[in-house]
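*Asks:* Sequence:
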Amino acid sequence: MQRPAFQPDHADSRHSLPEAFASIRVPQDDTHWMRRFLSYVGPGYMVSVGYMDPGNWATDLQGGARFGYALLSVIVLSNFMAVLLQALSARLGIATGLDLAQACRRRFHPVLNILLWVACELAIIACDLAEVIGTAVALQLLFHIPLLVGALISSLDALLVLFLMNRGFRYLEAFIIGLLSIIALCFAVQLIAAAPPLAAVFAGLKPSLSILTNSQMLYIAIGIIGATVMPHNLYLHSSIVQSRAYERTERGRKDAIRWATWDSSIALMLALFINAAILIVAAAAFHTTGHQDVAEIQDAYHLLSPLLGLGVASALFGLALLAAGTNSTITGTLAGQIVMEGFLHLRLPHWARRLVTRGLAIVPVVIGTVLYGNASVGQLLMASQVVLSMQLPFAVIPLVLFVSDRRLMGVFVISRPLAVLAWFVAGLILILNFKLLYDTIM
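For the sequence shown, the positions run 2 to 443 when this note's numbering is used.
Certain hints may be false.
Stated by the list, open to error - Ranges of calculated distance between the beta carbons of each label pair, as one might list FRET restraints: (1) R108 / P307: 52 to 62 Å; (2) W263 / F144: 33 to 43 Å; (3) L163 / I193: 33 to 43 Å; (4) P198 / R108: 43 to 53 Å; (5) D300 / I154: 19 to 29 Å; (6) L206 / L429: 17 to 27 Å; (7) L422 / P307: 40 to 50 Å; (8) G411 / P19: 20 to 30 Å; (9) R168 / H33: 19 to 29 Å; (10) L422 / G310: 37 to 47 Å.
Think of the hints as simulated: they come from the structure by calculation, not from any bench. C-beta: ideal position from N, C-alpha, C; glycine also.
Generate coordinates for the entire structure from the input sequences, incorporating the hints supplied.
*Replies:* Here's what the structure looks like:
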């Protein structure tokens, strides 16, 4: 029997996300390719949730309202960066049997691992902050529930995660894909109603130097990258791809890497559509009608129906926001569990893990709402996405380092041209973050 590229030692022998590990059967080689592909569909869509969470809405709305279609190129660029990085994450998990956190624990010094763990926890809290705000705002807009009460209600999603995990990992994937379908349908309707000029949309796909020279535009652009390329998703994807019961041989792993890459790439195209649709709708509805100052989700909700001339536009917007917030909580819980177990070998019950991270995210919402009212929501959302962007190097650099290491990856090490591209993406992220830090300090 052929051996995998890497055999973990006893200290790392526990499986990543053990309750889901190899729990989903995949067909044999003689099965039709479509059935084999469908058996791998799921993890990519769970990962794509993080690329269309409420934090993306804030950056996309502000980008479209203030700068029209100019930042469409940033969304496309960041999405292709995400496709590459998620494919590398899946490759690492399948080839080595380790998730990214476990690989860091094995290869790095304990002090560095603690720093990486803290950075990743900060990213998860920042993402959770966006989910709290998104869910609370959606509940406020749709059902007139006060913002603080909605934030507290959002902490009860731990029960939903527990229920779905107990039913089986495939049920969890189906639930997430169902909510993603609702989000896509809502924005497809709004996009049709907005009827944006195609010439302006295509012009926005062309990169512009003004994005780098305009500090306000760059701030939002880096927020878009931070909201699109999610650091904790790299940890999540390297774990949940191992939920498939593929043969743990060189041939089985090679097949699994191929299907997992297709799964995540197609799912992220859906994320690209939704992010682009948010920005295009905002540009068509607000930028061209004298509402360039729209920065709050609540303002967008109230203005969409009258500006688009579609009565249900605002309701669809609120429904999609609620679905996005609910979806993101599930993947955030799993990512937190994977990171904590991988770096610290510490396991907490799902409900305890959820309440801890959600509690840390609720505190800024409560303080901001009490001191500044609902006006603080947009600022908190933007700040959360910039924090996410600042944490990206701490996940991207270890990932690229590992998949380029032949000793770890064996026959599954990435090619030299792909390694050059991956390091270019990592370098670009570093440069943009240093630029953001400089502008913020100055």
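*Asks:* So, against the hints stated earlier in the document, which numbers end up violated here?
*Replies:* Per hint list: zero violations.
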